[in-house]
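Residue numbers (the numbering used here), protein chains in the order written: chain U, 27 to 692; chain A, 27 to 692; chain X, 27 to 692.
Wrong hints could be hidden among the right ones.
The list makes no distinction among identical chains, and a pair is therefore deemed to hold if it is satisfied within one copy or across any two copies.
Unchecked claim - Below, simulated SDA-like cross-link-like pairs (lysine to any residue); rule was C-alpha separation at most 20 Å, straight line:
| id | residue 1 | residue 2 |
| --- | --- | --- |
| 1 | Lys563 | Phe142 |
| 2 | Lys583 | Glu491 |
| 3 | Lys434 | Gly570 |
| 4 | Lys313 | Met27 |
| 5 | Lys563 | Glu200 |
| 6 | Lys434 | Glu144 |
| 7 | Lys434 | Thr624 |
| 8 | Lys434 | Ala93 |
| 9 | Lys383 | Glu558 |
| 10 | Lys246 | Glu39 |
| 11 | Lys614 | Glu116 |
| 12 | Lys246 | Pro339 |
| 13 | Lys583 | Gly94 |
| 14 | Lys563 | Gly461 |
| 15 | Lys246 | Thr451 |
| 16 | Lys383 | His284 |
Just so you know, the hints here were simulated from the structure itself, not pulled from any lab data.
Here is how the chains run, residue by residue.
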Amino acid sequence: MNKLYHGAAFYPELWSGEVVREDIRRMAETGINVVRIGEFLWSTIEPEEGHIDVSPLAGVIRQLYEAGVETILCTPTATPPIWYTHGHPERLFVNAEGTPLGHGSRQHACTNHPAFREKAAVITERLAQELGRLPGVIGWQLDNEFKAHVSECMCAVCRRLWHEWLYRRYGNVERLNELWGTRIWSESYNVFDQVPQPGPTPFLHNSSMQTMYRLFSMEKIAEFAVEQTAIIRRHSAAPVTHNGSVAFHIDNERLYRHLDFASFDTYASAAHYAAYLLNCDLYRNFKPGRPFWIMETSPSHAGSIASSGTPHPNGYLAAEAVAAYALGAEGFCYWLWRQQRAGSEQPHGSVVSAWGKPGLGYPNVLEAEQARQAIEPAITGSRPAQAEVAISYSDRAKAFLATESHGKLRHRGLVSGAYERVLRTGMHRDLIPEGASLEGYKLLWTPFIPYLSSDLIARALAFVERGGIWIVGPLTGIRTEEHTVPVDAGLGELESLTGTETVFTYAMDGTGTVGSAFGLEAPLSLWSSVYEPVEAKSIGTLIGGPSPGLSFLTEMKRGQGRIVLLGSLPAGDEGNEMLERMLIHYGKVANVTRRAETTIGTIVAPRESETEELWVIVNMNGEGGSVTLPREGIDKLSGERAAAGRLEVGRYEYRMIGFPSVSSRK
Amino acid sequence: MNKLYHGAAFYPELWSGEVVREDIRRMAETGINVVRIGEFLWSTIEPEEGHIDVSPLAGVIRQLYEAGVETILCTPTATPPIWYTHGHPERLFVNAEGTPLGHGSRQHACTNHPAFREKAAVITERLAQELGRLPGVIGWQLDNEFKAHVSECMCAVCRRLWHEWLYRRYGNVERLNELWGTRIWSESYNVFDQVPQPGPTPFLHNSSMQTMYRLFSMEKIAEFAVEQTAIIRRHSAAPVTHNGSVAFHIDNERLYRHLDFASFDTYASAAHYAAYLLNCDLYRNFKPGRPFWIMETSPSHAGSIASSGTPHPNGYLAAEAVAAYALGAEGFCYWLWRQQRAGSEQPHGSVVSAWGKPGLGYPNVLEAEQARQAIEPAITGSRPAQAEVAISYSDRAKAFLATESHGKLRHRGLVSGAYERVLRTGMHRDLIPEGASLEGYKLLWTPFIPYLSSDLIARALAFVERGGIWIVGPLTGIRTEEHTVPVDAGLGELESLTGTETVFTYAMDGTGTVGSAFGLEAPLSLWSSVYEPVEAKSIGTLIGGPSPGLSFLTEMKRGQGRIVLLGSLPAGDEGNEMLERMLIHYGKVANVTRRAETTIGTIVAPRESETEELWVIVNMNGEGGSVTLPREGIDKLSGERAAAGRLEVGRYEYRMIGFPSVSSRK
Amino acid sequence: MNKLYHGAAFYPELWSGEVVREDIRRMAETGINVVRIGEFLWSTIEPEEGHIDVSPLAGVIRQLYEAGVETILCTPTATPPIWYTHGHPERLFVNAEGTPLGHGSRQHACTNHPAFREKAAVITERLAQELGRLPGVIGWQLDNEFKAHVSECMCAVCRRLWHEWLYRRYGNVERLNELWGTRIWSESYNVFDQVPQPGPTPFLHNSSMQTMYRLFSMEKIAEFAVEQTAIIRRHSAAPVTHNGSVAFHIDNERLYRHLDFASFDTYASAAHYAAYLLNCDLYRNFKPGRPFWIMETSPSHAGSIASSGTPHPNGYLAAEAVAAYALGAEGFCYWLWRQQRAGSEQPHGSVVSAWGKPGLGYPNVLEAEQARQAIEPAITGSRPAQAEVAISYSDRAKAFLATESHGKLRHRGLVSGAYERVLRTGMHRDLIPEGASLEGYKLLWTPFIPYLSSDLIARALAFVERGGIWIVGPLTGIRTEEHTVPVDAGLGELESLTGTETVFTYAMDGTGTVGSAFGLEAPLSLWSSVYEPVEAKSIGTLIGGPSPGLSFLTEMKRGQGRIVLLGSLPAGDEGNEMLERMLIHYGKVANVTRRAETTIGTIVAPRESETEELWVIVNMNGEGGSVTLPREGIDKLSGERAAAGRLEVGRYEYRMIGFPSVSSRK
């Protein structure tokens, strides 16, 4: 990584040449050194089917390049032109109620329709051919925010592909019937063609069917990404990404596997800074060793004709930028440069207004640019330090929990809660996808993953044997690959390895059950597993409720490490504290050393180079705070020495402290 | 009644022969002496259209019988196999929005479609022929929970049947127009074929049409039950029932008229024990003199992938069982024996887990079995005592109130509230359907029945003439048979008999009107009738609001008895107390003697034999309490004497006290 | 105006001749001197297509006339008979979800379908021909409550008409593309036929498209009114109106432009008396100089089978009637005379019950009639005084805010809030449509009109030049005619005239921004514009939030007057007081003299004749209060002198005080 990018989304197709020229001039002046263009301009370059002319884009890319602004070029497939769907209702996305969704917005085309795949291939090929080697083109973004506005399509094409997918997965329909347990409610199918899509029914659909349809849909969009990437690579050496999000209906892990780098969009408000950090700690790990990008965030506030967000407090934007770069970002980009004059996102925050004046966030953008310049040498000369703590993350688990939500489970909220617990301990952490290597970690927490694959179990056990501590749960390992209940034991194949017997499963909420562990008592919540330790040791005991005296937290030594089962979610402030004590306890047991002592709302992003360890310290909550420096270091911004001990940090302030490398580390 | 049944729903079709054998062994060990099987297994016994083989069921029934477990056999018509609907969208249930509901859940078939009736007849006939005389088959359940998940079907077949139904009801369309008042809003029809089903409209549909469509639908499902019962009876002597509920879209009274015994499903949580008792006091009266069954209740908690209930506190299950048997149940059955491994109800409480271990409620099931054995001799040797107080119950009234809900009326909540008032007085009570005999009662309360049939009025008047007290209202008698407003008087034909004139009707809520009666003042609520007593006496006077000084409660002597009009619903704690005082007052006037003095949450279920009166006392609220014994009796469980006066009852404790018969009684 | 009408809606088609005769007799007795008939009786007079017989109506009109009751005759087009739609699903209204809405309610026909226009023309022509010259027919009402239950129709006919409308508006599709900015999201159209209706999409539709579809729909229903009016005028000299409302999906200004007088329906409860007064102050100005009618209001409460309202407190009805007549009404009419026995509005308040007895509101109707008689001489001898304060009102602005609601903006609530602020100041006021003359006003407030037409700006500037004060905002002038953002300046062409620069636009809520003005500080709310005064003077300053120190309220002198920009909405009690102080301040600056000092809830409706000024004083909130008489006057009801100074007014009391004309006035 040679530089830090500071960018903005740019829509030259919407403005006159004069405005475009003026905007490019001002970008350079402002410090914007990269733009993203093209994700919605299909109708501009192919106004009628087959009449393609991408040359205007080439001109803009050249103008930008000459002004020192590089380009991320997008494929425009999120919004096919009117000629694609007019007279072709069968090409439209169909929602769960069976309603086709029409032209005029985004993502209205079924991305699995052969016609879509074909037209998308043509336009992407032309863009790649004609623009893919232009100077200034440093990367590609596929489409835009896959499945942000839609989830699973129910059209006739998807129905056919679903049946093919089932055939490939199960081979014969008897196997599907057996694995899904379709004798229940006489669901049994005689041929794959009979298997419905999860449309309207009087009561609930089979859990296996629902979850498999979600996985099918996530695989299909990843497949589209693979197709598109292959086309680009034939003509362009620039790396390919997609702007993802944990909020979309995609399997991020699968998607990025075949792309070159990861990037995401986030519109978390300042109050939810932890959600912002979560994204950085996650997307860093979809392509290990490769910096990620924040492809979209607002310079001030999100908004549309249907909603308007609260602007960031002044100062927050630079804190965001520094935190992102420190946590592994190469690019930090705004949506959008110039306020939309038309469409439906006019109220969205922008760098400049529709009438060409600085937008509300403009002074903050200048602050962020100043920060970027200040930290660039130290950041480009280092890399994120290896975390010792990992939290498992899975979009496939999200699919399971969407199917089996118990009416109130929200994957994102659960994962955010777990992440915040770790963040509060001050331990540096990674959120890692299911398939990630466990090398380098000491403590692994795997919450909210109902189905644990045999592969993940095997690797986690090896990790444990080597000395790692694996905390499993809540809501983890309690379902099979096919989203059914294990019939050998509550935790299936894993259970025998945990020294614990799953006795009961039930929802703790409303039962008055309290959990006791680590010197605290806290109410328990969520659909829970209740254990009887066999060889394991009980760490957390149930008080009250229907099964007092049993355990919700057990620990079993295996090899050099331990498997810890967490069957329930301690709730409320006491519950949060109990979880944090659990994490700190096992962090100590596992010899986690990378832990900073900070006040709440101030973070440390540790980085390292050949010669030093670098702490990037940022106050994210706007209240200021402090961090305890473990030893004397050097303030990388002022060049002065920084004494060991308490270091005060102002409102949204950032600091960089370098410590000479300690050979014993890592 | 020779024995008390303790049962569970069993799904042998979902498990291996080995698991089935093990389950049957454990059932016997646990004390389960009856199972219910078959309600969802159509696809197992007819996997392809016309290929029927019910022999595996015969084997299971035999195994069960040999283990001492008898069988309730179900017809499987709630879930037609895929061959029934695949390629036949016209056979699907269509909801009020016009959306056909698909295969994969339950109740997706229109139960009025000729193809459904035909296929259902075939499969039921085969089951009855081949299994109906097997030893151990002690009863039949038709289908499962008719119209639990759906209400009225709007398909084309229903449309045609609706027109036929209208023709049979009205003879000619002019009569329909006149009775429904269709000149309003130019609704008038020239032929029956033009009458719509109550689908989407810009504003409201005609009340008569809406209510008649509900009645039509309820009659049709009862008709299906009659058809199916006739088939079974050709081949089997075992009695036929259906597992109903006040929550379903059925007319329970009409349904059970042609069945052999009544049964219901209930998943009321422990906090709503009154709702549980309501069911017992109601279903006992659908087939007078014949014990009812609780066909489904959870051993611990209800649940599905879309919701999860709170488990019962330990101890509650045995209290439920004892209360049920004491109130007239012959069977007390769980849903379900073994936790579902697949489908969509995996989180539901069960007797054993999917992996074959005791479920959360298992110890409570053992407690319930212990209780069953303890009380069986006394229960089978007695019968429920005749209640002196009756509350009218009507599912047709529910249809009226669904049509004319004023946006907030919920029939079930209203009826539950009325029931709880009577329960609190300690008077033993029946909930009786509209057509029930009034023989044996002294006090009849008829609330929330907008249309009073001439037949019911005539019988109630005779009851009054003989000395009964009839409390009419609230919301009773204010609409005609066709769901219009009477044009002769506010109460139509009834009004002249009440000595009272209905002056105004309006919603009391928000008007500040207070009712004064029985020494209390309470806010009034609901759509109300305001009276001017003519010959009657005012018992309750309006204070404040738009019509102060008029009456909401009047009393008129007729023959030996009295007609009491209650035009409004006293609300809040004061309102509840006012209603209870009213009930106690008229109970005394009517010489109701069967009234126990208990603390709240402890109930007395009175029974009688040739030689004694038996009080089954149960603490239902888990807080313990006491009951006052009117005279010395014998503790039927310990054999010891029980002194007159206060008897303490522990948390969820049950007691049985026998009193020698007093000849003056009854 | 020769008399005051006191009326009721009457449905002779629903009752027997005997009941009709009795009702007419009682109307005369009660003081009802006008009825409205016919708006739903199409099926009665044309039971089969083409078989028309309106003669029964003629008989009723004659009976009424003989009893001294005049008639407003309605066209029955709100409810086409079953023959119109049976077998013609393509004639039905289609809602935004694409669902056709069926027969049996109201407004189920697409009013743009050629068949509808044709059949409506035929029936209206017959009514006009045969009844239009009958004695007693004093007016016509078109249809009933246009678009009360539906908004924009999405049927195929509307789709075609939409394309024609677009063609007429834009001439060529390139212009539409440019003005709507359709390159965004590749929405661009190649031909008008491709432009969709605003149906279901994954995300939001283009704002221009949404707003234009609303305007198209409002124009179409006004066009229908023009067609129908032309037919009536060929045969009848009686004036034509429609019963509108600010709650319906219509452009009231456009609608009444071609009708003869304005009328409205209102069911505001007594607690919302300000909403009632708003209607009077608005509808008076749709046909300046011509009295308006309250065509429907309840004698006690609104209600239907799906809802039931709170009855008016006794006394409120007469207060309403007096306020209406004093504020310019000629007619005050109830919905309805006799309670419906059938249909779906049975619970609605009525003058007499379905069984022919006085309804709940009857005594209040008698009070209203007494009041009418008492004030008639003074009212008919005077006219409403010219207001000096005007608030702009626009249903087209409502369309803009429906499109760009930010998720929470509700036009009606915003306008009501602004109106209440003016009401509280005691200044007499008009709500005036965009096109109204500004003659006679001194202070003009134009809030919540996102697009200001050049015409309105020009007339307002002339008003300012002449000495008027024009307060612009909040949410005013910030969008173009095509519902896009201006690209020259935040306020487009207006901005240069205000001496102010719009710097930022954002939602104030949640930012902690406080506005300081007129000695008060108040939280600011809504999507806001933030200003830098250039030539203007800052009147209100921002404290805190993301842009402290800038202005939300500026003032610029122009000619003899001033332009005041209000960029945000002060909220809460302090915000309300700040707005009232602003209004009073500018009222003084503008020399507004017509301002009464009253307690909250007591109003003064000023009227004038050749010889005197008349204050009609009414207590509307039921709490009594007082008003300060500026000088000695004469009590017009008692004939006694009324001293200057404080005059007490009782609960719902009304007073009329005459003051001799002061020549300096007006």
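Exercise for the section: Sort out which numbered hints this structure fails and list those numbers smallest first. Expected result: The structure conflicts with hints 1, 3, 5, 6, 7, 8, 10, 11, 12, 13, 14, 15 and 16, although it agrees with all the remaining ones.
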